Structures are given as structure tokens and as C-alpha cells.
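*Asks:* For the record, the sequence lines run as chains H and D. Using the working numbering, the first residue of the first sequence is number 1, and each one after it goes up by one. Using the working numbering, the first residue of the second sequence is number 1, and each one after it goes up by one.
Treat each hint with caution, since some may be false.
Chain copies aren't distinguished; within one or between two, either way the pair holds.
[As the list claims (entries may be wrong)] DSBU-like cross-link-like pairs, simulated, lysine-lysine; straight-line CA separation at most 30 Å:
#1 K115 / K69
#2 K69 / K41
#3 K126 / K42
#4 K42 / K69
#5 K42 / K2
#6 K122 / K61
#7 K69 / K126
#8 K41 / K2
#9 K41 / K61
For the record, the hints were derived by calculation from the structure and aren't laboratory data. The model shown is predicted, which means the values in this text are computed figures rather than measured ones.
Protein chains: 2
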Amino acid sequence: MKTRIEFTRAPIAPPAPDFSTRELGARLEFFGIVRELEDGKKIPGLFYEAYEPMARSQLEKIFQELLAKHPCQEISFIHRLDFVPVGEASLFISVLSRHRQAALALMGELIDRLKADVPIWKHAKK
Amino acid sequence: MKTRIEFTRAPIAPPAPDFSTRELGARLEFFGIVRELEDGKKIPGLFYEAYEPMARSQLEKIFQELLAKHPCQEISFIHRLDFVPVGEASLFISVLSRHRQAALALMGELIDRLKADVPIWKHAKK
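Could you put together the complete structure from these sequences and hints?
*Replies:* Right under this line is the structure:
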């Protein structure tokens with residue numbers, strides 16, 4: 001099992017997937033994009049901030065819990081911080097697995113847990 | 001709602017996503033990759049064939065059914081045909097939506113329906 005967590009202040013560049021085991025049948029990628037309307041108001045973008053050490057340790061814990069339920073081989077997690085303009089990604093997650101069902105289940109639960117349990121915040125203004 | 005269906009005999013090149021509505025918060029991409037073991041035997045790759053006119057009309061029908069349940073703004077579907085080597089994608093699907101839940105639900109059901117109801121077959125030998 002390979003996991004990777006990255007926080008970046010630059011536009012997100014998805015990493016190349018590693019298919020070296022040759023036993024991975026599914027690669028699922030999620031991009032969370034900043035939308036133009038936030039609470040009904042037009043915005044130019046959103047500001048994100050994270051408490052990074054705690055976010056990393058929470059994410060690692062969540063990954064291990066979810067991997068025990070949904071066997072996947074690789075999770076890459078990238079979150080952009082500071083200002084993210086409308087139409088660009090604040091979040092990228094990729095999951096590699098033998099079978100699609102595990103990747104889909106893990107992805108859905110991971111994003112729910114991220115929003116509930118990981119110290120990353122967004123603001124319309126700095 | 002935008003849908004796109006492509007069958008190709010070349011390696012799959014995912015299309016650039018269209019965020020022009022500026023109201024799309026989620027982009028989900030699935031790659032179905034050929035694995036090295038098929039029924040316990042090492043293979044160099046798989047051969048895919050489709051009955052294209054029927055596959056297209058079935059897919060369009062399935063898209064419309066699923067879009068009525070899970071509001072998404074765009075589905076791109078690309079299937080590679082003929083020989084696909086181990087480690088390369090035979091299938092690419094991307095879904096764009098306002099919210100992640102619709103994209104995740106649609107993706108899971110679409111792949112299930114694809115396997116059950118669309119005339120695309122795979123063989124270890126030509």
C-alpha cells in the first residue's frame with residue numbers, strides 16, 4: 001500500500017500513476033473544483049488553509065481505516081492552499097485498486113471524512 | 001447536459017475537461033486498466049471488440065436514465081478496441097457535476113450497466 005499526501009500553493013499537477021504491479025485494474029481520480037457561486041454570491045475564488053501537521057496525521061489515520069475496509073493499492077492526495085481561482089482544482093485524489101468497487105467506495109468515504117475530520121478550511125476572503 | 005462516446009483503436013487520450021459553466025465542483029475520472037492475470041493466467045493484453053452502433057445507442061439510453069437520477073453536466077466515454085496491452089487503459093469515463101455525490105453514484109452505476117448491457121466483449125486471444 002502506497003499513500004502520498006501533498007499540500008501545495010501552486011496549481012495541482014496530478015502525479016503519473018504507477019502501474020508497476022501490473023495487477024491494478026482501476027484508477028479513479030477526483031478533482032474538487034472551485035465554483036463561481038459560494039452561498040449564492042459570485043466569487044473570484046476561495047482561500048484554503050490547513051493545519052498541516054494535524055491534517056497529515058488525520059489523513060494517514062483515515063487512509064488506514066478505509067484501506068482496511070476497501071482494499072486499494074495506492075492513494076494520492078493533493079490539496080492546494082492559499083488562493084484557488086474559480087475553475088481550478090483545490091483538491092485531487094487518485095486511488096488505484098485491483099477492482100473498481102473498492103476504489104469507488106474508498107473515494108466516496110474519503111471525501112466525506114476529509115470534510116468532517118481534517119483541519120482544512122475555506123474562506124471567500126483572506 | 002453534454003455526452004460524448006468514442007471508440008478508438010489507439011491509446012486513450014483523455015479529453016480536456018470543459019469547466020465553462022463555472023458551476024462544476026466535481027470531476028471524476030475512471031480508467032479501466034488491463035491486468036496481467038486473466039483467469040489466473042499471465043497474458044500480454046486483451047482484445048476488445050464492440051458492436052458499435054448498438055453499443056452507442058445503448059450507452060446513450062443508459063446515460064439518459066442515469067442522468068435523470070444523478071444530475072451531472074457532462075459524461076465522456078472512451079473505449080479502446082482491438083489489442084490493449086497490460087497496464088494500458090481499455091476504458092476511460094469522466095463525469096462532471098456540481099456536487100461529488102452525483103458523479104460518484106453515476107460512475108458506479110454506469111460501469112455496472114456497461115458490463116451488463118452494452119455489446120463490448122473481451123478475449124485473451126484474437
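*Asks:* All hints, please: hold or fail.
*Replies:* Here's how the hints hold up against the structure:
In the homo-oligomer, the alpha carbons of K115 and K69 lie at most 30 Å apart both inside one protomer (19 Å) and across protomers (24 Å), since each shortest distance falls under that limit. Proximity of K69 to K41 under the C-alpha cut-off of 30 Å is restricted to the inter-copy arrangement: shortest distance 27 Å between copies versus 39 Å within a copy. Taking the shortest alpha-carbon separations for K126 and K42, only the intra-copy value of 16 Å comes in at or below 30 Å, while the best inter-copy value is 55 Å. Proximity of K42 and K69 under a CA criterion of 30 Å is satisfied inter-copy only: 28 Å between copies versus 40 Å inside one chain copy.
Within a single copy, K42 and K2 get their C-alpha atoms only as close as 39 Å, which misses the 30 Å cut-off; across copies the closest is 24 Å, which meets it. Proximity of K122 and K61 under a CA criterion of 30 Å is satisfied intra-copy only: 22 Å inside one chain copy versus 39 Å between copies. Taking the shortest Cα distances, K69 and K126 never come within 30 Å of each other, neither inside one copy (38 Å) nor across copies (38 Å). In the homo-oligomer, the alpha carbons of K41 and K2 lie at most 30 Å apart only across protomers (26 Å), although the nearest pairing inside one protomer, at 40 Å, exceeds that limit.
For a Cα distance limit of 30 Å, the shortest separation of K41 from K61 qualifies neither inside one copy, at 36 Å, nor across copies, at 36 Å.
Of the numbered hints given earlier, the model fails hints 7, 9; all others are met.
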